[in-house]
Structure formats: structure tokens, C-alpha cells
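What the first sequence shows, in our numbering, is residues 1 to 476, in sequence order.
Simulated from the structure, these hints should not be mistaken for lab results.
Each hint can be trusted.
Below are the EDC-like pairs computed for lysine to aspartate or glutamate, each with C-alpha atoms no more than 16 Å apart in a straight line: (1) 382 / 473; (2) 411 / 473; (3) 409 / 473; (4) 331 / 352; (5) 96 / 228; (6) 250 / 313; (7) 150 / 189; (8) 303 / 166; (9) 407 / 431; (10) 159 / 182; (11) 159 / 176; (12) 374 / 342; (13) 370 / 342; (14) 135 / 182; (15) 338 / 371; (16) 338 / 377; (17) 138 / 95; (18) 2 / 69; (19) 315 / 289; (20) 159 / 181; (21) 437 / 397; (22) 338 / 375; (23) 327 / 271; (24) 465 / 419; (25) 407 / 423; (26) 134 / 181; (27) 187 / 45; (28) 411 / 466.
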Amino acid sequence: MKARTRFAPSPTGYMHIGNLRTAIFEYLIAKSNNGQFILRIEDTDQKRKVDGAIDFIYDTLKLCNIKVDEGPNNVGMVGPYIQSERVKIYKEYAEKLVEMGKAYYCFCSEERLEELRKKAQNAKRPFMYDGHCKKYSKDEIEEKIKNGEKYVIRQAMPKYGTSDFEDVVYGKIKVDNSVLEDQILLKSDGYPTYNFANVIDDHLMGITHVIRGNEYLAQTPKYNLLYEAFGWQAPIYIHVPMVLGSDGIKLSKRNGDASFMDLYNDGYLPEAIVNYLVLLGWSPANNQEIFSIDELIANFDPKRISKSPAVYDVKKLNWINFQYLRKMESKKYIEFIKPFLEKTYNLNGKSDEWINKLILLYQNHINYGKEISKEVELFFKKEIDLDEECKSFMQQDGVDQTISIFKEKIKHIEEWTIEKINDVINDVKVEADVKGKMLYMPIRIVTSGIMHGPELADTIYLIGKETILKRLESWE
RNA sequence: GGUCUGUUGGUGAAGUGGUUUAACACGUCGCCCUCUCAAGGCGAUAUUCACGGGUUCGAAACCCGUACAGACUACCA
1 MKARTRFAPS PTGYMHIGNL RTAIFEYLIA KSNNGQFILR IEDTDQKRKV
51 DGAIDFIYDT LKLCNIKVDE GPNNVGMVGP YIQSERVKIY KEYAEKLVEM
101 GKAYYCFCSE ERLEELRKKA QNAKRPFMYD GHCKKYSKDE IEEKIKNGEK
151 YVIRQAMPKY GTSDFEDVVY GKIKVDNSVL EDQILLKSDG YPTYNFANVI
201 DDHLMGITHV IRGNEYLAQT PKYNLLYEAF GWQAPIYIHV PMVLGSDGIK
251 LSKRNGDASF MDLYNDGYLP EAIVNYLVLL GWSPANNQEI FSIDELIANF
301 DPKRISKSPA VYDVKKLNWI NFQYLRKMES KKYIEFIKPF LEKTYNLNGK
351 SDEWINKLIL LYQNHINYGK EISKEVELFF KKEIDLDEEC KSFMQQDGVD
401 QTISIFKEKI KHIEEWTIEK INDVINDVKV EADVKGKMLY MPIRIVTSGI
451 MHGPELADTI YLIGKETILK RLESWE
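Between the sequences and the hints, there should be enough to build the whole structure, so can you do that?
Okay, here's the thing in C-alpha cells:
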């Protein structure tokens, strides 16, 4: 079966990873069924609209290697793809529904609704619109509209019986019709509500699989009633569990790094983010953890989506990103990391060869791009400042001798290469008759000022002859 | 309050009635390697699947109840 899925965000200019994950699931289901992935912008709430949001969504998806087959910027056969440009369509269908007796005009004022709400609250009863406006005749309605009275169109829910449907991940969901409210389909500003627009659009756009957050699970019977009223076939429903923050609360802007762009800017690879996100709430039949997008398409099975919410955990993302980073080709890796280095350090006067070596030195040290800056700090410090641990190490017998031999040898080194530096260290080993810690640590401390760092010869090489000699001179 | 949903270790999770004395991965801890850090290797880390009943020869898995959590209950999506 060919699938058509859709990603239908509202254009708020921000995408948290829960949203992105839904988009990924939608994309994977479309592609694993040889189908299309559609982008539809749900901007029926005009107050929340943000300029440039559509391009932002396209950019994000593109970074993630998710190709939009049809959408506002690459229009297909079932456009327009922005709901605010489809208001005529919704109005037409809403009126059709009224004619069929499945919906009705409602002229109730906000005040009246407010009063009903209060009454319900006082009586500790759930609030439900009372169907007050159902009573108007066709003529009365026409009259009211002619007089410019504001109206909405509400769906007329059945009062008895139950509605059920089958969800791919949650199974059978059953709801009593009596708890379904006569929800608003068309708002008084002429715009449809989400509840209406999504049904009309999904049908008109030929959407076969609806993938969305499980907050819609209990609402779906209402949508099915709409499909039924029009005589349309309801799509396959795949409701997905929420993504929670580490505090166990639903992700939101306030979680900071829960936004894709924040992660991207911190130097997480989009492939790694996608890979991680797919594993939140879904698991493959085998134990594979690292997936290319094509492998995901080949392996994704919506039946294996979990029912319970997943907590977003950066530690695992770090690990996955690290797996991608370490497997990158040197050239690509350097290209990727360099901007993060440039952000914190002035690289003027440093050769490309130096920069590249430095970056490569840390290929298996960092989890994400931004981490490079604190790792390489020692190579940009002018002064070294020994801590207590270093100082006390340097108090030991024989250390001074090791240093002076090293000083002498390194001063007369022929070429400043890692190999030659290693030769010098080896010579010191023989001449001073020390090895292991007693050989390396004194040299390490005097040259770099710290006890922990990458390979000594590399470190010395990158710090540079001039600085090394200066540090050795000022020792004692 | 009502409706719907969920509950396996710090985290992601496997598991659909019987080699499960609960996989795998992240994390954490320990050991090895090593001048150190990182990486890598090895090992430890849930007497038990929210709780209480049942069904069954046998339950994390099936049923019922309770607790807790979340979502929905908007002219938001």
C-alpha cells in the first residue's frame, strides 16, 4: 500500500525535538511504503503565526535529510498547503455538513458560554455546550446572518452509543458518544478549528496514515464521525507517545536544549539527532542502534512504537553523536569542528596544518562540536599556572634532572616534528634513567602545565618550540 | 469532576504464558591497557517487572481493582 503522510506544524518558528520526532516517524512511514511526505502549515490560529516560520521548518527538515515531497514551497496537486489559504474550502464543507444535519449554526455569545461554564463548575458537572442553537429554523438563521450576527458552526454529536477505532500503537479505543461535545468546526472569524481543518485536509490531500501525538487519541472519535458524515474513509491512525524532559514533564521551549536548532548549534550532527530521536519511543526488532536514514526506512515498523512516554536524555544523544563523529572522515570532521574552534579562539597566525592536527587530536574526545573549545584550552593559554597536585609532583627527587636533560635536548632538536620530539623523550629516558610516570609527568607538567592531556609528543609539538623553550627557561 | 492513555533499573528499552535465576544500549562504579586524559577491552549495577487480588501446573506477560502519572475536557493546535 502506498502511503501519504503529513507533517502539520503550526508556524511558531520553533521546533522542539518531540515535534521533529513526529516528522521523522511520518517521513519514515511514508518512505517505507514508497509514498510521499507532505508538509502542511496549520496556521488557523492567526495570533500565533510567526514570520519566516515556514522557511525555518523547511530548513530544519532539510538539515535532517527529510525531503518534503509536497508543501507550501514545492506545491503538488492538492494545494494550497497552508491552511489560511484554504478557508473557502473549510467553509464550503462546514456548510455541507449543516445541510446534512451533522452540524449547525451557533450564535451563542461568549457571555452565555461563560455562564454555562460557571454553572457547570458550581454543579461539579463537566461543561458541555447545551445545543441551545440547534432550535433555529433555516429562516431564522438566514435572518440572523443577514443582521450581521456572529456565528460559529458546531458539529452535532450523537447523544447515544459509542464510537471506536483501531490505533496502530494503542489498539482499540472506545469512547461513549455522550461525552463528545458539539465542538466548534468553524470559528466566528471564518477560520476552521484544528479539529475540523485536519479532517478536511487529510482527506482532500489523500493522507493515508495520520501520525500524531497521543493527546489526540481521545479526540479521534470526533474526527471519525466527520469522516463518516462525509462518507469518507478514515485514515490509519498511529498515535505516538509524548517525549518528556528529564524532569518528567512534557518538553517545551523552557527545556532549552530540547530545540533542534539549539542542539544543531551546539555541534550535534543532524543525522545523530535523527538517529537518537527515532530510538525515543521506538525500537527495532534487533539490537541495532546506529542507523542511516536509509536503514531506518528499511527497518521502521510503526507497530513497534511504544505506548509509554519517553524521557529525553542528552547522555545517550552524546554517545550517539560521538559514534558519528569518530567515524567521520578526517577532512569532513575538521570542516565540521573548525567553526566551533573559531568561535572561541583567534586562529590568526596558526597554520592550517596546525589547526587540523589540533582538531584531529580530539576526534575521540568530544561528544559534540562545542566541546572542542574547553578541550583545547591549553594550546591557547600563554601562561601556565600549576595546581597543587602538579607542584607536589615536581617536588620529587630526580625531577629536576629529567627536566634539565630534556631542556638541553629539545633546544638542539633538528626538526620540530612529532617523531623527533618522541626521539628526544626516548633519549631522556636513557640518559636520565627514568621511565613511566617519572619520565613523562615532569615533562608534561613543565611544558603544558597540566597532568592530563593528549599524547605528550603531540602536545609538545602543537604548543610549539618557542613557547616550550620559554616555559623551560622560566622553570625553577 | 468526567473521558482516554500509560506504569519493566538513573535513562532508552527487549519481552506478548514456560531454557527469563528479565536481553541489549546509555549512564554510573570497578578492573585491565596506559605517562595522564580520552578511546578500547573486561566486569558489576532490577532477588524482580507500581501495588493488591484473581485465572493457570506455570504470569512481567491474561483478567479485575487500587494507586500514581499524563493528555483531553478552548472560537490552541
